[in-house]
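Engineer: Single-letter residue listing:
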Amino acid sequence: MAVYPEPRFLPCGDLAVSVEFADEVSRAVNARVLALEYLIQQKALAGVTETVPTYRALLVYYDPAAVGYGGLVTALRSLLAQAQPDALPPARTVELPCCYQGELGFELTAAADRLGLEPAEVVRLHAGADYYVYFVGFTPGLPYMTGMPDRLTIPRLTQPRAKTPPGSVGIGGVQCCIYSVESPGGFWILGRTPLLLYDPAAADPILLRAGDHVRFRAIDRAEFDAIAADVAAGTFRPRIAEGAR
Amino acid sequence: MRLSVQDGGPQTTVQDLGRPGYLRVGIPPSGPMDREAFALANRLVGNPQAAAALECTLIGPRVELADERLVAVTGAEMAVTLNGAEVPRWSGFRVRPGDVVKLGPARAGVRAYLAVEGGIATPPALGSRATYLRGQLGGLEGRAVRRGDVLALGAAADGRPGRLRPELVPTYPDRVVARVVLGPQDDRFTAAGVAAFLAGPYELLPQADRMGARLRGPRIEHNRGHDVISDGIPLGGIQVVGDGQPIVLLVDRQSTGGYTKIATVCSFDIARIGQLRPGQRVRFQRVSVAEAHALRRHHHLTLDAAIEPAA
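Line by line, the protein sequences give chains A and B.
Mapping of the first sequence onto my numbering: position 225 corresponds to residue 278, and the numbering continues sequentially without gaps.
Mapping of the second sequence onto my numbering: position 307 corresponds to residue 310, and the numbering continues sequentially without gaps.
Think of the hints as simulated: they come from the structure by calculation, not from any bench.
Possibly wrong hints are sitting among the right ones.
Residues from chain A shown here face chain B by an in silico Cβ test under 7 angstroms; the list is partial [what the hints assert, rightly or not]:
1) Phe62
2) Cys65
3) Ser71
4) Lys96
5) Thr102
6) Val105
7) Tyr108
8) Ala110
9) Leu112
10) Pro117
11) Ala119
12) Gly124
13) Phe191
14) Pro193
If you want the footprint, here are the derived chain A segments under chain B, 3+ residues with CB under 8 angstroms [what the hints assert, rightly or not]:
15) 75-82
16) 194-201
17) 250-258
Since we're looking at a predicted model, the values are computed, not measured.
By construction, the Cβ of each residue, glycine as well, lies at the ideal position given by its N, Cα and C atoms.
The following block holds chain B by itself, in its conformation from the complex (with noise of 0.2 angstroms):
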């Protein structure tokens, strides 16, 4: 009924969907930074898409499972061994008492998740075990995981391994786009600032994480100052500072801030920014809030079809 971390790689964290609710005394909801291949690594070990798995964030852990699971890895393009020989990602494997995962750097893409069949029991924090590093919340001690450390796993519930559909395997290109929704400040803008940041593109910059992702790219020319009075920041609020260039704030974003924000990134394509590596680039694409809650239906329906029995 555990997984112990032989090598915890450069940043592996215990997430859930995340803890809502908290943003209003500033905690942010955390969470993995790629919802989808999370959601998806829990299905085909047939858990809850909402249970709690590892983000492993460019290298990979390696971790010993001390009874019969199965097992799942989504996401980032990190070679997958049991016990030394490939098994395939996005499907879910069995393992054996004492058998060892082990996920190698990615190849493409920058996070990967690891699921286990009964789903990881750390204890949760404020009703989620989503890690919050800066708060030192939730996940095991509120830290990333590494080597020596031993999570209790959920109860298995003899599910059967489930694998993606073959064509929707996602892959992780140089060049993205994300669809936007323009405000809530895009009137702080000239027409000319708000179509540089639309014909973009934008790269993605070192100083990238859970919280927000720095950009640069064409200027964005405010048309009257770039402070705003502080307010909230949504998920996918695109701040855009004095330099004229946009951050994009992410799960572990700060609550509220100062700063004009030219739109806001689509939920359905927060994983696409997640993904992103440093010196790979973002166009922003225009929709409407009525396009974007439909795109997001269109999304989930394909989601919910997206798993076929493992053979």
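Next comes chain A alone, as it looks inside the complex (with noise of 0.2 angstroms):
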């Protein structure tokens, strides 16, 4: 675990080069990775045709015919000095409202048991964190966070289920994870989110960014419920607040 003097560039085939800044997750090598993302957007690096940031890494796909190797890498060493948090706009924090209730929340109470804890205090827990959203991907729009109380640690699930209702918002590890289609899983499910962090019918199908800040909002059935319509009518606008550090 350790974060490299300098970053290493990882061929991956023709087509993408990998830039892993260490070992190691914690936000202050997540951030380099955005920062270099970011200038790369910023500054549209040529020959460069998407990237995917992840944890301590910066996947970086281009094109050969437009840049060889050789140049994509000095290129990116360029961008490097300048790839620091501060270089990044602030960041975003996104309210998720979630209900933990009943069907819904359907491991809270075998989750609390395991944590020795009462399921009201896993709520209150789990509901006070400010979460930080690494990346996002695996599946469309499934955010990688962590930001929960030592409290709320947990090993995975020893027989991941085999489907998971979009939505669910469930802990691992130190990790909490939304899953944004229906798929296997292998976190306990405490929750779950109206909001649709993908939506294919969307002009911007994605709720979710690499260095958001998440916050769940404990709600009722009912407003589960109501706010799961409003989802559906396309009327429901997310509580986004832009400058958070």
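Fit chain to chain and form the complex, with the hints in mind.
Structural biologist: Structural data, given as structure tokens:
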């Protein structure tokens, strides 16, 4: 577990290179990843076709007809000096309503038992935390987040379930996850948000972005249903504040 | 100005050259599994190579054309008939209003491409008509086409049919070679593990789709576990999971993952994986990044000169 003195450039076939900053997960390392991506976008770096930020690496796709490997690495190296967290624009804070009740939080009681806490305390701790989105991926719109208090650290399920409904909010290890599409899952499901993290019918189908902060607001089933109806009608506007650090 | 689907076949989807730019939010590019055959199908009917066309899997569809158009079929060896009479593959041919084109079961290869002059004109999603089935995005309502669907077509451009130079028509052998660049995590394997990987061969398992191809062959030994901190998965990225067996990630792949990646299949050999059938085998051959770029250039030059006027 270390931050490298110099980022490593790892070839990924003939169309991509991974810029790897560290062998650890930290906000500081991730901020450098996001800052490099931001600078590539701002400068419209020649030959770069797309970028994928993750915890400690930026995957840079390129068109070898437009830029050679050596030329790309040189251009990335020169950007790295400027790729510092203060180069990033202010982060957003996105409020996600979450219903922790009944079938929507179908593993809340089991998780509380495992943690030795009352379910209400788990909800209070979970909804009271500030989460940071390192990156979005695996499935469309799925955020990789941490921020939970240590008391909610819990081993992942030993037997992953085959299907998890979209919007399910789960915890595993030190991570909090929101399933964006129906998929298998190994996290303990505490609740569900009525918002769509991925909406293929929308012009902008993805709700959360790398670098966002997320706050959960506990809601009851009636409010969940009301918001879900507004989401389905296309009239719900999520609460998003600009300017967090 | 439309194409009516009389029989969709098991998995026929609208594709174009893909939807770049959204892997950063977890949406894969999609697009054809055999990019070369796809682009050639378009060029044979005078379309830009990025025009939308149909990708047909194992058994082709039966479609009716409403007006006069050029049509071409490339890729997997599916017998092509026009109103019941066989017509050549890899060659543009003209259809008249009411004509029915049918693609039979593939005798070799997996994926065939049916291009129509003017291209398919389903509404683009995020700038692309490519279908991403798991994400229900693009194509026709984000799904495979089926009987009764009607697909709009773009304006025909009065093109002339082309044909692929006969010596370039590909075959789909039982054993293929795919060139790879080692990395990004080849340092997570023992020397014996890397040697086993490069010796192969690996057999395609039935669990293979547009997302990834699961393979079985010589065990690839890790030196310190099979997990990495989740990072981006490139096109052709080869994950080696806990059992030492590889999975090649393809056009509908997950954007990120936490398994070690020993190597990456080069872009110009992705189609060889995409046309492989369960039980057929691939051997991986190591090249450098510079060699891969030279091979890619050569590959594109060959394709650029691949078409001649049809008789």
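Engineer: So, Ala110/A near chain B? Judge it on the closest CB pair being under 7 angstroms.
Structural biologist: Where the cut-off is 7 angstroms and the nearest Cβ of chain B is about 4 angstroms from Ala110/A, the hint holds.
Engineer: Is the hint on Tyr108/A kept, meaning its closest Cβ partner in chain B is under 7 angstroms away?
Structural biologist: 5 angstroms, holds
Engineer: Can the hint on Ala119/A be confirmed by a CB-to-CB distance to chain B that is less than 7 angstroms?
Structural biologist: 12 angstroms, violated
Engineer: Does Val105/A pass the interface hint, meaning its C-beta sits closer than 7 angstroms to a C-beta of chain B?
Structural biologist: Holds: closest Cβ of chain B sits about 4 angstroms from Val105/A, inside 7 angstroms.
Engineer: Within the assertion that chain B covers the segment 250-258 of chain A, do at least three residues meet a Cβ-to-Cβ distance smaller than 8 angstroms?
Structural biologist: Contact hint for the segment 250-258 of chain A vs chain B: holds, 3 residues under 8 angstroms.
Engineer: Under 7 angstroms is the threshold here; is the Cβ of Gly124/A close enough to any Cβ of chain B for the hint to stand?
Structural biologist: At 11 angstroms from the nearest chain B Cβ, Gly124/A fails the 7 angstroms test, so the hint is violated.
Engineer: Taking a Cβ-to-Cβ distance below 8 angstroms as contact, does the segment 75-82 of chain A have at least three residues touching chain B?
Structural biologist: With 3 residues close enough to chain B, the hint holds.
Engineer: Phe62/A was flagged as interface toward chain B. Is the shortest Cβ-Cβ separation under 7 angstroms?
Structural biologist: 9 angstroms, violated
Engineer: Regarding the hint that Cys65/A lies at the interface with chain B, is the smallest CB-CB distance below 7 angstroms?
Structural biologist: 4 angstroms, holds
Engineer: Would you check chain B against the segment 194-201 of chain A, counting CB to CB pairs closer than 8 angstroms, and say if three or more residues qualify?
Structural biologist: holds (count 3)
Engineer: So, as I understand it, the hint says Pro117/A touches chain B; can you test that by seeing if any CB pair is closer than 7 angstroms?
Structural biologist: Holds - the Cβ of Pro117/A comes within 7 angstroms of chain B, reaching about 5 angstroms at its closest.
Engineer: Measuring from the C-beta of Lys96/A to each C-beta in chain B, is the shortest one below 7 angstroms?
Structural biologist: 16 angstroms, violated
Of the numbered hints given earlier, the model fails hints 1, 4, 11, 12; all others are met.
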